[in-house]
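Residue numbers (the numbering used here), protein chains in the order written: chain A, 58 to 400; chain B, 58 to 400; chain C, 58 to 400; chain D, 58 to 400.
One should not assume that every hint holds.
Just so you know, same-sequence chains aren't split out, so a pair can sit in one copy or run between any two.
Here are the simulated DSS-like cross-link-like pairs (lysine-lysine), alpha carbons at most 30 angstroms apart as the crow flies [stated by the list, open to error]:
1) K78 - K317
2) K339 - K281
3) K102 - K60
4) K102 - K336
5) K373 - K220
6) K60 - K220
7) K220 - K281
8) K330 - K60
9) K102 - K220
10) K78 - K364
11) K220 - K339
12) K330 - K357
13) K330 - K78
14) K220 - K359
15) K317 - K357
16) K212 - K373
17) K359 - K78
18) K330 - K212
Honestly, the hints are just simulated from the structure, not real lab data. Only a predicted model underlies this, so the values are computations on that prediction, with no experimental measurement involved.
4 protein chains.
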Amino acid sequence: MEKLYFDSDYMEGAHPLILEKLMQTNLEKTTGYGTDPYCESAREKIRKACGMEDAEVFFLVGGTQTNTTVIDSLLRNYEGVIAVDSGHVSVHEAGAIEATGHKVIQLPGQDGKLQAETLEHYLTVFHADANNEHMVYPGMVYISFPTELGTLYTKEELEQIHKVCRQYQIPLFVDGARLGYGLAAEENTMTLSELATACDVFYIGGTKVGALFGEAVVVTPGTKIPHFFTMIKQHGGLLAKGRLLGIQFDTLFTDDLYLKISGNAIIRANRIKELLVQKGYKLFLNSPTNQIFVELSNDKIKELEEKVSFSFWEAKDENHTIVRFCTSWATTSEEVETLGQLL
Amino acid sequence: MEKLYFDSDYMEGAHPLILEKLMQTNLEKTTGYGTDPYCESAREKIRKACGMEDAEVFFLVGGTQTNTTVIDSLLRNYEGVIAVDSGHVSVHEAGAIEATGHKVIQLPGQDGKLQAETLEHYLTVFHADANNEHMVYPGMVYISFPTELGTLYTKEELEQIHKVCRQYQIPLFVDGARLGYGLAAEENTMTLSELATACDVFYIGGTKVGALFGEAVVVTPGTKIPHFFTMIKQHGGLLAKGRLLGIQFDTLFTDDLYLKISGNAIIRANRIKELLVQKGYKLFLNSPTNQIFVELSNDKIKELEEKVSFSFWEAKDENHTIVRFCTSWATTSEEVETLGQLL
Amino acid sequence: MEKLYFDSDYMEGAHPLILEKLMQTNLEKTTGYGTDPYCESAREKIRKACGMEDAEVFFLVGGTQTNTTVIDSLLRNYEGVIAVDSGHVSVHEAGAIEATGHKVIQLPGQDGKLQAETLEHYLTVFHADANNEHMVYPGMVYISFPTELGTLYTKEELEQIHKVCRQYQIPLFVDGARLGYGLAAEENTMTLSELATACDVFYIGGTKVGALFGEAVVVTPGTKIPHFFTMIKQHGGLLAKGRLLGIQFDTLFTDDLYLKISGNAIIRANRIKELLVQKGYKLFLNSPTNQIFVELSNDKIKELEEKVSFSFWEAKDENHTIVRFCTSWATTSEEVETLGQLL
Amino acid sequence: MEKLYFDSDYMEGAHPLILEKLMQTNLEKTTGYGTDPYCESAREKIRKACGMEDAEVFFLVGGTQTNTTVIDSLLRNYEGVIAVDSGHVSVHEAGAIEATGHKVIQLPGQDGKLQAETLEHYLTVFHADANNEHMVYPGMVYISFPTELGTLYTKEELEQIHKVCRQYQIPLFVDGARLGYGLAAEENTMTLSELATACDVFYIGGTKVGALFGEAVVVTPGTKIPHFFTMIKQHGGLLAKGRLLGIQFDTLFTDDLYLKISGNAIIRANRIKELLVQKGYKLFLNSPTNQIFVELSNDKIKELEEKVSFSFWEAKDENHTIVRFCTSWATTSEEVETLGQLL
């Protein structure tokens, strides 16, 4: 039996339709840096999918790069970005945000989510502090949808956060590296268009959702990022053959492909959760998207990892560990059922 | 009656002996940037006071500047500095550390102090994490003596922290903006020389302890900061008329002046604590140095602040606030007793 | 007649063998970030092609990103990078190097090349300057092969520069965004292995030479870049699906594909030069690689640009402009001959 | 005979009236960071001297710090600062500007001065360049008055530069580290108030003109630097005992002291020039302020430097060197005449 891989959602290449399109267009000549017709078409389709004719759309290559470029472009030098302790920018980006000169102001989260109350309290105390001129100004808010723990904000929760942001006139930025898996989740009741309205800047993740690579940044009409093209270049995110991004997002936003393939990951993840619960395993938290966090005994882990590859999340106690199983647009029913047999 | 000021320890000018020396030498001509004989003499006296003939000594102008310059000079780009949540570099330096590209890795403190166990646990977990190549490397440890809350590390506590640092081969940097008040505290049993041995780099605060301004960085013999002079220049900390720093520290380290005048602040602070306790006020924590944190009712505060100036620390509840009274080398017995009558 | 495109060398997709391999491997699952077998195989082939078993090889996505990451990783904070005025890092990277805190120390070049004498003179004067502690230290040298003007260093010229670098103990970094076109040029007498020996770090450009994207950084055995993986992550250059880079470079370094396809660009460029000279046009400089710089009258440009796309380089005088024609691995004989008819 | 010192204009302490005032106020208690009445008074006097009631005035400690803080505060991340090749920010600030992420765009100067034509040509070419989105945007202009070579802009020259700046909507910043010596020069026909009108931000140098240290930044009414106080803190330029700066500038701007003492340096410098010319020495350039650049034979230098200390500027040829003599507010007639005898 071949080994099973549930480590992450970036283990395969791209959706076959994307590769097909890359083949078809391979020897065409286009201008670079996103000025080609494929990028224009993809931008148009994304604007339409977001219900925002006047949004600006930019393509970058990867997630850390996108977070860094957007955050550094939105903030002034005396400002920092608010994020939860477990946020990707807080922990897993090798200090990329700080390397551009900005503090990540870490607030406690709940199941990976920022609570509007936590945010409001922080901002209230900050602005009431007579010494705040000696402190980093909170200049924007970063959240992710889904979060690092696979959880989702409801429409109401997102709107509450956005309301606090508008009250303090700071932009809300949503990291959508796994956006498709959030939108496709059964629990989710928010459309792409509603999400776009409830924040100021967000990105649609391609790398983890069917593309070879690529993230599409959507700047909503009310927001201005001056010279963002130059900022992307400066941060090393400007792809010479920009059309590769255009072709991929154009394909993903044709005939709802993005959402359809995201749905597969959800079906597979739900089945894994079902199997885990059936077999009496204890879920670490209820994640409605494509990441499943479960507590396993270290003995079980040892046995399992000969045949299955997955991620270690954190130690629970001496004998138990929280691990993560991750599905993707490409995960098959066979893989999941085989995993079920091994559990 | 004149208003009383207990806001901070930088409200007066300098110790009279310093001003006198500045007058005497005013029209002498010396070379700049710390190359003059006064700086050389001060360096020599500081080395002697630290019992470290081979230490390097550098003079900078202020605290934030010194912290930033030392930290940025000790760290590589992929590294951050560990500090407690309440550390000066974590909160009150306007993001100066992050502005140089480095994350402040904030750990929870206890009464403003970093616990060796907390540090060791963090480092153990970090180095055991298979994903740590995606994270900021802990490259040094920052603590302050006394802490922001006026508390002190015992010799044993400091040595334990240093031991953990050496185990992970990262330098320990001690912010001594109020060093004199720590050394002069009754509770303290550590000499300057012992402190110097139990860390890798530290500074002797002048601004808050009798000088007009100035901090003396001591780099212990085992530590190397390449091109530190150039780094000081780059960080805007190189004083053209460097002798002003030399003259001040030379005076402070002649006949133990630094410790003697620090002692005055302690005597005054202890008396304030005594008065507070006598009158039934509740101390927020036991601070053995020149900062006293006490809980006052908001009514009492309103009454008091017409005649006394002091600092608000944080709200306790709707009707009570933690406030800070701060003494210095210049605080007089009369000021303290008048305060006592008003309490 | 279809329009002709000679704007740049990144107008097409990838060499067909690369796309084929991407198709074949598309649904395989591999671990991310360059830890997969394709990257390992590509690294091994590159090491062999360089004749350097102990070199370290890293894959990044684009040129500006690679320059920034390497330079920021090699330099200390008080150091800058020496480059010629026309260097890519001096002009066309949107301040990416400075954004990481380092000065580009610009020296005058000759036809895009740094002269060893110019370098040596600069370093001699710098080190003799009594005030150099107030200045940016020259910490490394950046050159490109071929240069921005398509010119090449001879083996002797490169070795002379390297000799000066070693004398001053600073690394020499060669930007090889168009490396293939340099190696394949008729004038060139240097092998990849000789180039690798005559510098400290260099990269093999994929984006402009047959790949969809990608640059392979070779760190020669004597050089150490600590935590370079983390630095790549921090600079946004770490591709999640790293195998895309591995697959591309593995293909390019199988059966000498990289050099073979580079040769095509040279043949096409040489033919264009021949046609230009035949027709009496004046070359701006003798570039032996895939970029041809020629002086055209503005009238001729107006006429030509309806049917041909090319780059404006700089105004010569009111009526004449220097333009650039660029060939690539994909340029066909038909395209070139049609251009000839239009000239 | 005592040695003579003409190395620089920061070799003495402060004007006696400043020290006197520091003595008088030494034990007063004031709030910190520039919120005290002395700073307020000094700001008011400076506004009045500039004829600008609505200007904002900030005090910093030193020149490099001031340049870095102002420039980093005025620029956005994609912008750089234009300066001449010989500008202080280009050469002698240890890369402080680049350390904040900004390129110094170096243009050729003439006798240390930026020509309006050079500036206009650069900006015209930049804005006409179709690729300028890949380049650093020129975001402000930095000049100094007097320049590094002691030369002065005429009112017309300054206004022409300012006109170009306004045309391209970028601020003009004037480094006035030696402003007094510029205003007091015989050649100068510009008043402080006229200079203030012909730029957007400038600073009045104290360190080199009678103060112990300190630079007063004047932000003219049309210009906005958001959160400049916090930026000063972040850049390590916020002095805890801010009143030291207030007291010094208040004294310097009482009864025209600043201009009066500057005049002394000019009288002494003019006499040195007269002596040099009388004795047949060749001036390197005509500097109308307190720096005199002259060509000396290396033999003469060797003889002279036993009794006089001065600065080496640059080698002229094998046997001749350009040296600099510098006077200050404190230089005496005796010192100058003794120098005359030694020449």
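Now for the hints, and whether the structure bears them out:
1. K78 - K317: both (18 angstroms within a copy, 27 angstroms between copies)
2. K339 - K281: neither (46 angstroms within a copy, 46 angstroms between copies)
3. K102 - K60: between (39 angstroms within a copy, 27 angstroms between copies)
4. K102 - K336: Classified as neither; 44 angstroms inside a copy, 47 angstroms across copies.
5. K373 - K220: between (37 angstroms within a copy, 28 angstroms between copies)
6. K60 - K220: Neither: 48 angstroms inside a copy, 44 angstroms across copies.
7. K220 - K281: Intra 19 angstroms, inter 28 angstroms, cutoff 30 angstroms: intra and inter.
8. K330 - K60: within (20 angstroms within a copy, 56 angstroms between copies)
9. K102 - K220: within (28 angstroms within a copy, 45 angstroms between copies)
10. K78 - K364: between (35 angstroms within a copy, 27 angstroms between copies)
11. K220 - K339: neither (36 angstroms within a copy, 40 angstroms between copies)
12. K330 - K357: Only inside one copy: K330 and K357 sit 17 angstroms apart there, 59 angstroms across copies, limit 30 angstroms.
13. K330 - K78: neither (35 angstroms within a copy, 35 angstroms between copies)
14. K220 - K359: neither (47 angstroms within a copy, 35 angstroms between copies)
15. K317 - K357: Intra 34 angstroms, inter 53 angstroms, cutoff 30 angstroms: neither.
16. K212 - K373: neither (32 angstroms within a copy, 35 angstroms between copies)
17. K359 - K78: neither (42 angstroms within a copy, 35 angstroms between copies)
18. K330 - K212: Intra 24 angstroms, inter 53 angstroms, cutoff 30 angstroms: intra-copy only.
The structure shown violates the earlier hints numbered 2, 4, 6, 11, 13, 14, 15, 16 and 17.
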